[in-house]
Amino acid sequence: MESFNSSTITCFALSGLFILGKMTEGRQTLVLRTGDSIGILPGREAILMGIKGPAILGRESVKGAGKMASETFNKDMVSIYPNLFSESNANNLVVFESQGRIITLVGMLPVKISLFGHTLKVGLIGSVCTLSEFRGKGLALSALQFLEEHAIKQEIAVFLISGSGGLYSRFGAVNVNSFALKSLKPQEFRNITFKEAGEQDLSSIMRLYAYNPVRFLRTTERFKKSFLTGYCMDKPAKTFVTDSSYVSVLQEEDETVIVEYGGTLENGKNLASHLASKKGLKEIRMIVDSERRDKGDKRYPLTCMVKVISSENVLNQLNGYFSEFFNFSELKEVVPALAAMGLTELTRALFVTGARNRMPALLPLPVYGWDYI
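The opening position of the sequence shown corresponds to residue 2 in the working numbering, with each subsequent residue numbered one higher.
No wet-lab data here; the hints were simulated from the structure.
There could be a bad hint or two in this list.
In silico lysine-lysine, DSSO-like type, Cα no more than 27 angstroms apart, as pairs [said to hold, decoys possible]:
#: 1; residue 1: 299; residue 2: 239
#: 2; residue 1: 225; residue 2: 196
#: 3; residue 1: 64; residue 2: 113
#: 4; residue 1: 226; residue 2: 239
#: 5; residue 1: 53; residue 2: 113
All values reported here derive from a predicted model rather than from experimental measurement.
Could you build all of it, start to finish, from the sequences and the hints given here?
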């Protein structure tokens, strides 16, 4: 072979074709580097040519990634998710390319969440897509695995994925079933005066959101970009605010759903009931995290999967959290038991209510709200 540079590409043998991607245990592999010539392997079909990746997207290619995602999802993804498709986030977008065009995209937005004052670094995963003619070749899974390694180096502990299905299950993610749905009846409160929120109310909304003990840690700049899109959890939303609370509302078919609130839970519920009364609704529903679930609340099947990507990162970051909820003798048993688990088992132990692994569900997750990608 001719001389090559240090950019390495690995190919999988799948159904007689070789697919560029990450080496997987038990599969036949061929390592090529940029500049290598590719011949026909004995007993195999021609190697699938022209595919490069997985690789981190360059800043100059962000527009191209946004265009590809928009065409795939049939909506303007760049306008709806400006934080994800920003040049400053280009190093968290992983792609495969063929003949100069992006054919697979996996997006990540690094965030932090607060669990009762303890910080966990999370990678929000979204805009995962592959052009139709390249699907079924393992490209998206390879891109996810590549991004996982990249994220661990950033000390990210957990992936929170806005989707579900076989791809993410093969990746090792599990369904989240810890969210709850409150059904609230209309009730008018004389002391409540609300208005539809606009850009001038952002500082009040940020302050009220901080009341939540389980929440995303937001910056004003990033939240402003999300809020001004008018889209919350992938749908048009309206936010109504008072001095002591706010609610962000979606209209989903025949029901009205609150996907984020700020202020105390009681103030949020009162505003929701008052809003239902003023709008002539028979009922208004409110999605909350597991810590806000009351008897009689139903589980809410939010399309969301989670995966611990580094046991070391998650246990180090949550050491203080565990110290608050376990005594010293319990910690000596619990932490080593968690550390010994595989990543999928650990994910279930930490996040999945009712997991059959002798561990309670320890960690609540915040409802996406305006942080959805």
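So, going through the hints one by one against the coordinates:
The hinted pair formed by residue 299 and residue 239 meets the criterion: a straight-line CA distance of about 24 angstroms does not exceed 27 angstroms. With a CA separation close to 18 angstroms, the supplied pair residue 225 and residue 196 stays within the 27 angstroms bound. A distance of roughly 26 angstroms separates the Cα atoms of residue 64 and residue 113; the hinted pair therefore holds under the 27 angstroms criterion. Using a Cα cut-off of 27 angstroms, the hinted pair residue 226 and residue 239 holds, with the two alpha carbons roughly 15 angstroms apart.
The hinted pair formed by residue 53 and residue 113 fails the criterion: a straight-line CA distance of about 32 angstroms is larger than 27 angstroms.
The structure does not agree with numbered hint 5 stated previously, though it agrees with all others.
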